[in-house]
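There are 2 protein chains.
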Amino acid sequence: MAELMNRQIVLRRRPTGLVQPADTELITAPAPEPAEGEALVRTTYVGIDAAARTWLNDQPGYLPPVQLGEVIRAAGIGEVVASRCDAYAVGDVVTTLTGFQEYVISRDDIFTTPVPGPDVDQLAVMSVYGPTGATAYFGMVGIGRPQPGETVVVSAAAGATGSVAGQIAKIAGARVVGIAGGPDKCRAVVEDFGFDACIDYREANLHAALKEHCPKGVDVYFDNVGGPILDAVLGRLAHKARVVLCGVISSYLTGEHPGPANYVNLLSKTALMQGFNALDEWGRFEEAFGPLRRWADEGRLVHRQTIFEGIESCVDAMNGLFTGANIGKMLVKISEPGGKKIPS
Amino acid sequence: MAELMNRQIVLRRRPTGLVQPADTELITAPAPEPAEGEALVRTTYVGIDAAARTWLNDQPGYLPPVQLGEVIRAAGIGEVVASRCDAYAVGDVVTTLTGFQEYVISRDDIFTTPVPGPDVDQLAVMSVYGPTGATAYFGMVGIGRPQPGETVVVSAAAGATGSVAGQIAKIAGARVVGIAGGPDKCRAVVEDFGFDACIDYREANLHAALKEHCPKGVDVYFDNVGGPILDAVLGRLAHKARVVLCGVISSYLTGEHPGPANYVNLLSKTALMQGFNALDEWGRFEEAFGPLRRWADEGRLVHRQTIFEGIESCVDAMNGLFTGANIGKMLVKISEPGGKKIPS
Chain A
1 MAELMNRQIV LRRRPTGLVQ PADTELITAP APEPAEGEAL VRTTYVGIDA AARTWLNDQP
61 GYLPPVQLGE VIRAAGIGEV VASRCDAYAV GDVVTTLTGF QEYVISRDDI FTTPVPGPDV
121 DQLAVMSVYG PTGATAYFGM VGIGRPQPGE TVVVSAAAGA TGSVAGQIAK IAGARVVGIA
181 GGPDKCRAVV EDFGFDACID YREANLHAAL KEHCPKGVDV YFDNVGGPIL DAVLGRLAHK
241 ARVVLCGVIS SYLTGEHPGP ANYVNLLSKT ALMQGFNALD EWGRFEEAFG PLRRWADEGR
301 LVHRQTIFEG IESCVDAMNG LFTGANIGKM LVKISEPGGK KIPS
Chain B
1 MAELMNRQIV LRRRPTGLVQ PADTELITAP APEPAEGEAL VRTTYVGIDA AARTWLNDQP
61 GYLPPVQLGE VIRAAGIGEV VASRCDAYAV GDVVTTLTGF QEYVISRDDI FTTPVPGPDV
121 DQLAVMSVYG PTGATAYFGM VGIGRPQPGE TVVVSAAAGA TGSVAGQIAK IAGARVVGIA
181 GGPDKCRAVV EDFGFDACID YREANLHAAL KEHCPKGVDV YFDNVGGPIL DAVLGRLAHK
241 ARVVLCGVIS SYLTGEHPGP ANYVNLLSKT ALMQGFNALD EWGRFEEAFG PLRRWADEGR
301 LVHRQTIFEG IESCVDAMNG LFTGANIGKM LVKISEPGGK KIPS
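Residue numbers (our numbering), protein chains in the order written: chain A, 1 to 344; chain B, 1 to 344.
It is worth saying that the hints were derived from the structure and are not from the lab. Some hints could be false.
Copies of the same chain look alike in the list, so a pair counts if it fits in one copy or across any two.
Said to hold, decoys possible - Computed list of lysine-lysine pairs in DSSO-like fashion (alpha-carbon distance at most 30 Å, straight line):
| hint | residue 1 | residue 2 |
| --- | --- | --- |
| 1 | Lys170 | Lys240 |
| 2 | Lys211 | Lys170 |
| 3 | Lys170 | Lys216 |
| 4 | Lys240 | Lys269 |
| 5 | Lys240 | Lys211 |
Kindly generate the complete structure, drawing on both the sequences and the hints.
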């Protein structure tokens with residue numbers, strides 16, 4: 001058989017701001033041969049997460065920076081096409097750190113999870129029954145703890161995590177107000193994801209809008225953005241509020257994190273602000289997936305995707321996350337799901 | 001008998017920064033007569049807390065601002081000199097919001113607590129078995145939750161709350177590093193209060209000193225000051241750190257709260273920052289006083305005071321809190337404890 005080739009996007013130069021053409025290169029290399037204990041996975045979808053952009057900066061984080069010359073790291077989903085380990089069989093669907101590439105070696109390690117069933121809805125896995133859904137679940141349920149009648153605010157509400165987090169708060173009986181950029185997203189937040197209201201931060205006076213939509217203050221704030229939006233919501237906290245820090249997308253491009261002066265309200269309101277990372281809960285993901293599956297089956301939890309096509313569009317998709325191009329989970333389709341096995 | 005006169009310090013003008021002579025006035029008025037259900041208390045000590053300065057600003061808080069013409073509000077301790085209620089007998093020692101005055105009417109309401117025994121150590125009550133001790137206890141035990149071997153940092157470590165909070169962390173088995181201003185305070189923090197080390201923020205490069213004293217990061221930070229010190233400690237957080245927000249003394253004079261840019265470490269370190277107010281735990285104060293008394297009896301918890309003399313010095317004492325005049329609890333002695341009953 002012809003040698004299996006692997007197209008990969010590698011980092012050539014650390015970007016500042018949006019990723020420029022010269023920052024990355026699309027190269028072609030032979031696909032790796034799985035060693036004993038390994039499997040070869042063909043990537044079907046790569047997930048585009050804001051965190052992946054931070055890995056391109058030379059800053060320590062919960063995962064080390066991507067080094068120059070390395071494939072750009074990203075969480076994705078794929079299908080096992082060759083296996084030399086007991087954990088996976090050819091045809092299995094797995095989520096793993098695929099990176100921006102067509103084939104990846106997978107081990108039965110912490111970041112690889114087999115997905116039950118061959119006919120699994122891979123879009124649903126990437127949007128709900130994977131790290132994105134677990135992030136929304138553990139952040140909202142574990143830290144936010146919305147109670148019936150409380151007011152919950154979610155930023156980046158049209159995004160992958162925010163849209164799920166807000167729906168979880170609705171299911172808990174809270175009144176849920178989204179914050180998003182532009183009329184299309186705000187419409188999706190209310191009409192598709194069922195939030196009670198959505199503030200367009202590009203148009204509205206944020207302070208006035210928060211006062212209007214949260215007259216009794218904000219009991220739970222699920223923050224994906226940081227910056228001035230975080231500061232504005234901190235200025236509206238209710239007594240004993242919980243602020244869930246899930247992301248700081250406003251600063252990922254610049255590396256600058258302006259401090260929220262209204263943090264002092266945490267003191268006057270006896271409130272809590274807590275950062276979290278769903279990877280810390282890796283061993284407990286099934287605790288999240290059970291309720292998420294049930295709610296989805298009951299029609300109470302919907303998911304949407306914005307899908308770019310082809311490995312060539314990975315960088316555009318990553319940049320699009322910061323220019324507001326996506327509603328729901330941002331994905332790049334790398335190959336067709338349900339693809340054939342490699343002829344041996 | 002001659003009419004009983006009550007010297008009081010009232011607010012005449014809202015101060016900006018330190019309290020100026022023209023901001024207050026010492027007046028003399030007849031002491032109030034207790035009505036049915038009330039008692040008259042002669043103030044022995046007034047406690048000087050940073051929060052009291054915030055009540056002079058025209059800003060809403062957990063208590064309303066002191067109005068012009070009103071006696072300056074402060075928590076203190078005193079002795080019942082006349083009683084027309086069942087809750088208190090003449091000679092009882094009570095803690096209450098005495099304010100800056102010699103006599104105050106007391107009711108059996110939420111802010112008045114009788115202190116058991118006639119021979120009670122009133123200095124100990126003001127320093128440990130009262131709101132100050134409860135603040136240190138509920139903040140450190142309830143939110144900080146220091147574990148053996150962890151590293152705990154306490155700012156304003158020589159102050160009333162910080163000195164107790166740090167000792168509680170020591171008792172819990174943590175390594176405790178104080179931050180204080182000046183060599184005298186730092187010496188007291190280590191030698192009197194038994195902290196493992198103390199950083200003089202006026203002399204040290206705070207970032208370098210935190211790195212030196214907290215090589216594995218900061219697991220618990222008990223913050224009394226806010227501002228650049230909070231930001232510096234946020235920059236050294238350990239994984240799953242807890243930041244207890246107890247006060248923002250750096251901003252009480254100016255009303256300005258610069259936002260801590262390193263709040264973003266709450267996210268990367270999966271850490272928590274929580275504000276609290278011991279008044280929220282009013283009904284549970286005895287949960288704190290039990291352990292605090294036991295530790296004090298065992299000699300593991302010491303307290304110190306800085307005592308000004310006479311009602312005329314209340315404003316100086318309040319200003320002194322912001323210029324660094326106190327080690328331990330700042331008090332003004334208004335009258336002699338164990339004083340005689342009023343002849344009837």
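Comparing the hints with the structure gives:
In this assembly of identical chains, Lys170 and Lys240 lie within 30 Å of each other by CA distance both inside one copy and across copies; the values are 20 Å within and 29 Å between. For a Cα distance limit of 30 Å, the shortest separation of Lys211 from Lys170 inside one copy, 20 Å, qualifies, whereas the shortest one across copies, 44 Å, does not. For a Cα distance limit of 30 Å, the shortest separation of Lys170 from Lys216 inside one copy, 17 Å, qualifies, whereas the shortest one across copies, 41 Å, does not. In the homo-oligomer, the alpha carbons of Lys240 and Lys269 lie at most 30 Å apart both inside one protomer (6 Å) and across protomers (23 Å), since each shortest distance falls under that limit.
Proximity of Lys240 to Lys211 under the C-alpha cut-off of 30 Å is restricted to the intra-copy arrangement: shortest distance 18 Å within a copy versus 33 Å between copies.
In terms of the numbered hints stated before, the structure departs from none.
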